[in-house]
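Numbering (my numbering), first residue to last: 5 to 69.
The hints are simulated quantities; they were obtained by calculation from the structure and are not laboratory data. Among these hints, one or two may not hold up.
Using 20 Å as the maximum straight-line C-alpha spacing, the simulated SDA-like pairs for lysine to any residue come out as follows [claimed, not checked]:
hint : residue 1 : residue 2
1    : K32       : I64
2    : K28       : F51
3    : K32       : I65
4    : K28       : Y52
5    : K32       : D55
6    : K69       : S40
7    : K58       : T68
Here are the simulated distance ranges between beta carbons [said to hold, decoys possible]:
hint : residue 1 : residue 2 : range
8    : N39       : D12       : 32 to 40 Å
9    : S6        : M49       : 31 to 39 Å
10   : K58       : R35       : 17 to 25 Å
11   : S57       : K29       : 13 to 21 Å
12   : Y9        : E60       : 23 to 31 Å
13   : S57       : T22       : 12 to 20 Å
14   : R35       : K10       : 35 to 43 Å
15   : K58       : I7        : 35 to 43 Å
16   : E13       : R35       : 31 to 39 Å
17   : G38       : E13       : 39 to 47 Å
18   : K10       : S40       : 37 to 45 Å
19   : S46       : K10       : 33 to 41 Å
20   : K21       : E41       : 18 to 26 Å
21   : D43       : I7        : 43 to 51 Å
Treat the numbers as computed from the prediction; the structure is a model and nothing was measured. Glycine included, each C-beta is placed from N, C-alpha and C at the ideal position.
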Amino acid sequence: MSIQYKIDEAREEGIKKTRLEYVKKSIKMLRLDGNSEADVLSKLMTFYSDDFSKEELSHIIAETK
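Could you build all of it, start to finish, from the sequences and the hints given here?
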């Protein structure tokens, strides 16, 4: 493995972790606003569907309870 490959891989991993933290914070904020679980999923799909599948977001919602 080249050094550049390792750098790129580490950068991508950092980006994924950051996106996951944004999703978790969004879930908490949406719940505080009184949104139902279905509404939370719908709104997350609007903002994060390019990065996460519906199944992944559903799993994250379940874990964030």
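Is the hinted pair K32 and D55 satisfied, with a Cα-Cα distance of at most 20 Å? With Cα atoms ~19 Å apart, K32 and D55 stay inside 20 Å; holds.
Against the 20 Å threshold, does the CA-CA distance of K32 and I65 hold or violate the hint? 9 Å, holds
Is it true that S57 and K29 lie within 13 to 21 Å of each other by Cβ? At roughly 20 Å between Cβ atoms, K29 and S57 fall inside 13 to 21 Å, so the hint holds.
Consistency of beta-carbon spacing, I7 to D43, with hint 43 to 51 Å: At 45 Å between Cβs, range holds.
Hint says 31 to 39 Å; check whether the CB-CB distance for S6 and M49 agrees. This hint holds: roughly 37 Å between Cβ atoms.
Should the hint that E13 and R35 are 31 to 39 Å apart at their CB atoms be regarded as holding? 34 Å, holds
Given the proposed pairing of K32 with I64, does the C-alpha separation stay at or below 20 Å? 11 Å, holds
Outcome of range test on Cβ distance (K21, E41; 18 to 26 Å): 24 Å, holds
Is it true that N39 and D12 lie within 32 to 40 Å of each other by Cβ? 37 Å, holds
Mind checking the alpha carbons of K28 and Y52 for me, to see if they're no more than 20 Å apart? 11 Å, holds
Please verify whether K58 and T68 have alpha carbons no more than 20 Å apart. 15 Å, holds
Just to be sure I understand the hint, the distance between the Cβ atoms of K58 and I7 should be within 35 to 43 Å; is that true here? 37 Å, holds
Violation of the numbered hints given earlier is absent; every hint is satisfied by the structure.
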